[in-house]
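Participant: Residues per chain are reported as follows:
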Amino acid sequence: MKPIKKQVVIIGGGPAGLAAALKLYELGVRDMVILERESEPGGILRQCIHDGFGLTRFRETLTGPEYSHRFVEQIRVLDIPLITDATVVSLTEDRLVRAACNGQMMEFQGEAVILAMGCRERTRGALSIPGSRPAGVYTAGVAQSYVNLHNIMVGKEVVILGSGDIGLIMARRLTLEGAKVQGVYEIQPYPSGLDRNIRQCLEDFQIPLYLSHTVTDIRGTRRLEGVEVCKVDEQRRPLTQTARFIPCDTLVLSVGLIPENELSLEGGVVLDPHTKGPLVDGFHQTSVEGIFAAGNVLHVHDLVDFVSLEGEALAESVARFLKEGTLPSCPVQVVGRDPLLYTLPQRVPPSGRVELFFRVKRPVGDKTLQVMQGANLLFEKKYREVLPAEMEKCSFDVFNLKADQPLEVHLT
Amino acid sequence: MNSITEKNQGSEETLLTCIVCPQGCKLRVQKTEGVWQVSGEKCIRGRDYALQELTLPLRNLTTSVLVEKGTQPLAGVRLSEPISREKIGEAMEFLKCIRVEAPVEVGQVIHLNLLGLKVDVVVTRGVPRSKF
Chain B
1 MKPIKKQVVI
11 IGGGPAGLAA
21 ALKLYELGVR
31 DMVILERESE
41 PGGILRQCIH
51 DGFGLTRFRE
61 TLTGPEYSHR
71 FVEQIRVLDI
81 PLITDATVVS
91 LTEDRLVRAA
101 CNGQMMEFQG
111 EAVILAMGCR
121 ERTRGALSIP
131 GSRPAGVYTA
141 GVAQSYVNLH
151 NIMVGKEVVI
161 LGSGDIGLIM
171 ARRLTLEGAK
181 VQGVYEIQPY
191 PSGLDRNIRQ
201 CLEDFQIPLY
211 LSHTVTDIRG
221 TRRLEGVEVC
231 KVDEQRRPLT
241 QTARFIPCDT
251 LVLSVGLIPE
261 NELSLEGGVV
271 LDPHTKGPLV
281 DGFHQTSVEG
291 IFAAGNVLHV
301 HDLVDFVSLE
311 GEALAESVAR
321 FLKEGTLPSC
331 PVQVVGRDPL
341 LYTLPQRVPP
351 SGRVELFFRV
361 KRPVGDKTLQ
371 VMQGANLLFE
381 KKYREVLPAE
391 MEKCSFDVFN
401 LKADQPLEVH
411 LT
Chain Y
1 MNSITEKNQG
11 SEETLLTCIV
21 CPQGCKLRVQ
31 KTEGVWQVSG
41 EKCIRGRDYA
51 LQELTLPLRN
61 LTTSVLVEKG
71 TQPLAGVRLS
81 EPISREKIGE
91 AMEFLKCIRV
101 EAPVEVGQVI
111 HLNLLGLKVD
121 VVVTRGVPRS
131 KF
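Protein sequence lines correspond, in order, to chains B and Y. Mapped onto this note's numbering, the consecutive letters of the first sequence carry residue numbers 1 to 412. Mapped onto this note's numbering, the consecutive letters of the second sequence carry residue numbers 1 to 132.
Just so you know, these hints were derived from the structure itself, not from any lab. Since this is a predicted model, take the numbers as computed values, not measurements. Just so you know, not all the hints are guaranteed correct.
What the hints assert, rightly or not - Chain Y regions said to be covered by chain B (calculated; three or more residues, Cβ under 8 angstroms):
1) 14-22
2) 27-41
3) 78-92
Even for Gly, the Cβ is constructed at its ideal location relative to N, Cα and C.
Work out the full structure, taking the sequences as your base and the hints as a guide.
Facilitator: Written out as structure tokens, the structure reads:
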């Protein structure tokens, strides 16, 4: 079987892949293909029927599917090749992509490959929550998919673990569909999700939020019968004397998203343990030449508007890569210091515009971001408040940086 | 925390978080002798939100409706405008009883003047007609 040659193979037809494809088209690239695992493109946006999307990009508050529609419609109008029901099963360092498409295997040889596979959810198993394994334990995205795509109600008496935005959104959604959400339990002493979601998803429905709590036992034989919750100390260890039993038939877990990089690893791409996504340079290129990454597969985003921008920036780099055969080298390492959880990209060119993304490990207030190389201060920006739930972005120009000395990013 | 109100010598101060956009500006609304004053907003929508929220809270509703003869069982819908928060329950009860026939397209209005509140029900995720 001879592989089909394509200039660009895009793995994933969600917001990152779609934005990259449209931008590539705009830049004159035609020979590309998008490989999408589901039967419809749009990625996670298909099931996010709540609004709040597109506020910066379109200045409108759209629902997930409406945001996605704007891109998918364009893909259809421009006839950009998109294969649905195509699961990519392998990726090599030489950019050979094999996919199972509707019962047959297809092989594509790309000059460039764009990783846009998105992320997956942290599971009960990964948290090692003790107890039995009854039915009725779902991650929030799975519950959302059941309710919003398949018309299946997941349960009636619900406990939610994790106050991330997905958990909060599902608290509201399940309540609207007739469930009783007993409470949202959050292990941190502060909520993980946005204040606006605490307001419109919990307070509007009088759903209590219990901070510094976690689930310590799951009980039930065939179906969940209830969970044990405990208060935790500053080291997040359960205070067993505070244990309470909460009867319920459904436990929804909103405990973290993890970039989906199994294929990336197969392709020899090196990951950053802080982002759990590929190490990239200022051109969104990974450690493997010709393999690029954008969207949740690179680092988990809060706003899809930023994902689209990232896909478009990546497309500019890919178009340049296709034209020139290579991209400028990015020898300058970028290192983020506490309280920064990560900074991205991890390597930049000695001269050019740097678009820096970062997240903090814990909420901080009244800080100044400083980017230094050695004793040289290159950029400074004040922040009133930075929260772990909000990825931040800043840009600045660099000129003639030393190649062998890292850029240090401080937030003090 | 949201919506904390303090009363102090004829003036009231309420703190709330704006929900219009993800920025979530912390707003302070002072009511002194019947005159409202909003601060902390980064745009005029925040100011409008604050005043509305303390007089008649409005919410939009995004949910799904059942589709017949479609490739999928559900279409996504939203209201064309926010409605009173107190009417959300009633709106949900109504929408659970609707059935629409595929195909339905994004942007299509499937119901006018919901509950007489002068808002329409608009499709957000369309459903094509099933071939079977």
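Participant: For every hint, state whether the structure bears it out.
Facilitator: Hint check results:
no., hint, in the structure
1, 14-22, "holds (count 7)"
2, 27-41, "violated (count 0)"
3, 78-92, "holds (count 4)"
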